[in-house]
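Protein chains in written order, with my numbering: chain A, 25 to 278; chain B, 979 to 1267.
Keep in mind the hints are simulated off the structure, nothing from the lab.
It cannot be assumed that every hint is accurate.
What the hints assert, rightly or not - Derived DSS-like pairs (lysine-lysine); straight-line CA-CA distance at most 27 Å:
(1) B:Lys1263 <-> A:Lys76
(2) A:Lys77 <-> A:Lys67
(3) A:Lys77 <-> B:Lys1132
(4) A:Lys224 <-> A:Lys147
(5) B:Lys1263 <-> A:Lys75
(6) B:Lys1098 <-> B:Lys1211
(7) A:Lys149 <-> A:Lys224
(8) B:Lys1263 <-> B:Lys1211
Stated by the list, open to error - Per label pair, the in silico range of CB-to-CB distance:
(9) A:Phe108 <-> B:Thr1084: 52 to 60 Å
(10) A:Glu105 <-> B:Thr1084: 19 to 27 Å
(11) B:Leu1104 <-> A:Lys77: 52 to 60 Å
(12) A:Gly141 <-> B:Phe1064: 28 to 36 Å
(13) A:Gly103 <-> B:Tyr1158: 45 to 53 Å
(14) A:Lys76 <-> B:Phe1086: 26 to 34 Å
(15) B:Arg1059 <-> A:Thr238: 27 to 35 Å
(16) B:Tyr1255 <-> A:Gly103: 26 to 34 Å
(17) B:Asp1144 <-> A:Lys76: 13 to 21 Å
(18) A:Gly182 <-> B:Ser1107: 51 to 59 Å
(19) B:Ala1044 <-> A:Val125: 50 to 58 Å
(20) A:Arg264 <-> B:Tyr1184: 53 to 61 Å
(21) B:Ile1232 <-> A:Arg264: 47 to 55 Å
(22) A:Pro72 <-> B:Met979: 43 to 51 Å
Stated by the list, open to error - Covered stretches of chain B (chain A as the covering partner; in silico rule of three or more C-beta atoms under 8 Å from a C-beta of chain A):
(23) 1069-1080
(24) 1188-1199
(25) 1242-1251
Glycine included, each C-beta is placed from N, C-alpha and C at the ideal position.
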Amino acid sequence: MAHGALYVAGAYAWIQFREQLSGTSAIIGSLIIIGILAILIEKLVYQPLAKKKSGQAITLISSIGVYLFMINLIALLYGNETQFVNPGLGSSFSLATITIVPIQLVQLITAVLLIGGIMLLTKTKWFLKVKAMISEETVASVLGVNTNAIRLWMMVLGSMLAGIAAILQLFDTGMDPHRGMTITLSAAVAVIIGGQGSIKGTVLAALLIALLQTTTEWFISAQWKEGLTFLLLIAVILWRTEGIVSFKMRVEEK
Amino acid sequence: MNYLLHILIMCEIYLILALAMNLLAGYSGLLSLSQAAFYGIGAYVAALLLIQAGASFTLSLFGAIAFNLIICLPVVWFAIRLRDLFFALATLAWQIIVFAVLYNWTAFTNGPFGITGIPKPELFGLYFSSLPVFAVLGSIITLLVLLFFMGLHKTPLSRFFQGVRDDQLAMMSFGKKPAYFKTLAVVISSGVSAIAGVLFATYFSYIDPTSFTLDESILIISIVLIGGLGTIKGSVAGALFYVLLPELLRFINIPDTIAANLRMMIYATVLILVVIYRPYGFYGKYTFE
């Protein structure tokens, strides 16, 4: 849930940096800020909790606390209004019958590149340690995997991805402090529907959710899209807890 | 004086909500994020009964409670089927769906504009319109709810709730059905939340969906967590803390524009500190794994 706050923080960091720096270095600067924030959250909140062996419920509650704190801090500093930014990428152009806004093209390319990057990352030897930590944390740490460092890295990488998404969103439809919640919840729905720990499933589920949301916007009303997304979540939780793409597990792990 | 009475009524509303939440989270171990949904449904049903159907206050109060007993069925279903994080997520989804319905079903709920002109309660020929009289009515209702919960937690039933919370397998081997007690906990909790909703609606004479968002649910659960899970004292302490803290801020002259955000930041900080350093809250007897 704290991701929602980091997402919003990414966009606002960019707004802050834009005044002093050029476009690209502002993006890099805001990603660094997000990385630092992620490290702070992990060190100050999540690691003390992990040391106490707290369960998922408590982690959820404390992440909600982090979210509320950061969102209200941002609202305090920058106000509750929606911030708009013109990316200055030129006007939209048509390709056959489709009208394309340049920012959407940028979003598509970035998304494909990042998904490719993550896919490559999951193939590395380092990621094997991550998998070991996910399935059996104590055993992994006994066998010499630095689980704290891995958690930190995952947190930083995940938040930076959220930051990139936030900046792209800022260019497209603008940003206000309270947008973090819905977007993170939708992302969490995608992860659960896709099956935890499966990148392919997550991508598939994200596409499914985006499709569902835009079709409801088109055919019913934009207001109902969240309701429908969460109806889907309830259906998946109740009838297919492992998600639409599930790992093959050994029998005793099920 | 009116200011103090206003604070008293707010304390009472949140005390009722905290007691209802504590039954779920503290006594039955169900981390529900949809308390504001029940609160909101209660307020809306009562408001509609009072205005559209012209029903009396007593009738709409019981109507709201009865409606909530039925509408909580999905959450009953989640409670039976799901545990821990998945129960929290399912109730979160339920909260958002209920909010979407309140916000978008304009024909019935008047959508984002809310319902105005909800009449003040009228009981036994007495008209509770002025603030002091309303405060008396609120106090009586809250006292009744408080006594109900104190009585409930003296009965063996409360022990069964706690048994389900602590060890389902043991309860089953004693021949008690966990599903039955979970159902009862959810039903009682949602019915009691409706009472808080009715008080809220008749006190402000105006309701709109933004009072019943996910944020409100999170605030209610944090009241119970800060006060302490599994004790009545905890709910009272949490509700007092929640209502009185922002009033203290008012005295140190913080401008209104930042007061709301600052208030939420303080709650969030307290919540994180409590979770890390004092998992039992002020008076808690139980803490989530």
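Each hint, compared with the structure:
Among the hinted pairs, Lys1263 of chain B with Lys76 of chain A is consistent with the structure: their alpha-carbon atoms are about 18 Å apart, no more than 27 Å. Straight-line distance between C-alpha atoms of Lys77 of chain A and Lys67 of chain A comes to about 15 Å, which keeps the hinted pair within the 27 Å bound. Restraint check: the Cα-Cα separation between Lys77 of chain A and Lys1132 of chain B comes to about 33 Å, which exceeds 27 Å; the hinted pair is violated. Of the pairs offered as hints, the one joining Lys224 of chain A and Lys147 of chain A holds, with about 13 Å between alpha carbons and a cut-off of 27 Å not exceeded.
Distance restraint check for Lys1263 of chain B and Lys75 of chain A: the Cα-Cα separation of roughly 22 Å lies within the 27 Å cut-off, and the hinted pair is therefore satisfied. In summary, the hint linking Lys1098 of chain B to Lys1211 of chain B is not supported, as the alpha carbons are separated by about 31 Å, beyond the 27 Å threshold. Taking the CA atoms of Lys149 of chain A and Lys224 of chain A, the gap is about 19 Å. The hint holds against a cut of 27 Å. Proposed proximity of Lys1263 of chain B and Lys1211 of chain B is supported: the alpha carbons are some 10 Å apart, at most 27 Å.
Separation of Phe108 of chain A from Thr1084 of chain B is about 28 Å and departs from the stated range, judged on CB atoms against 52 to 60 Å. Taking 19 to 27 Å as the suggested C-beta distance range, the pair Glu105 of chain A and Thr1084 of chain B conforms, at roughly 26 Å. Between Leu1104 of chain B and Lys77 of chain A the beta carbons are some 56 Å apart, a value that agrees with the proposed interval 52 to 60 Å. The given range of 28 to 36 Å is respected by Gly141 of chain A and Phe1064 of chain B, whose C-beta atoms sit roughly 31 Å from each other.
Between Gly103 of chain A and Tyr1158 of chain B the C-beta distance comes to about 51 Å, which sits within the given range of 45 to 53 Å. Distance hint check for Lys76 of chain A and Phe1086 of chain B: the Cβ-Cβ separation is about 47 Å, which falls outside the suggested range of 26 to 34 Å. For Arg1059 of chain B and Thr238 of chain A, the hinted distance range of 27 to 35 Å is satisfied, since their beta carbons lie about 31 Å from each other. Checked against the given bound of 26 to 34 Å, the beta carbons of Tyr1255 of chain B and Gly103 of chain A, roughly 33 Å apart, stay inside it.
Separation of Asp1144 of chain B from Lys76 of chain A is about 19 Å and conforms to the stated range, judged on CB atoms against 13 to 21 Å. For Gly182 of chain A and Ser1107 of chain B, the Cβ-Cβ distance of about 55 Å falls inside the hinted range of 51 to 59 Å, so the restraint holds. Restraint check, Ala1044 of chain B to Val125 of chain A: a C-beta distance of roughly 52 Å satisfies the suggested window 50 to 58 Å. For the pair Arg264 of chain A and Tyr1184 of chain B, the beta carbons lie near 43 Å from each other, so the given range of 53 to 61 Å is not met.
Between Ile1232 of chain B and Arg264 of chain A the C-beta distance comes to about 49 Å, which sits within the given range of 47 to 55 Å. Between Pro72 of chain A and Met979 of chain B the CB atoms are about 45 Å apart, so this pair conforms to the stated range of 43 to 51 Å. A stretch counts as covered by a chain when three or more of its residues have a beta carbon under 8 Å from one of that chain; for the segment 1069-1080 of chain B and chain A the count is 7, and the coverage holds. Here the segment 1188-1199 of chain B counts 4 residues with a CB under 8 Å from a CB of chain A, which clears the bar of 3, and the coverage holds.
By the rule of at least three residues with a Cβ nearer than 8 Å to a Cβ of chain A, the coverage given for the segment 1242-1251 of chain B holds, with 7 such residues.
Of the numbered hints stated above, those contradicted by the structure are hints 3, 6, 9, 14, 20, listed in ascending order.
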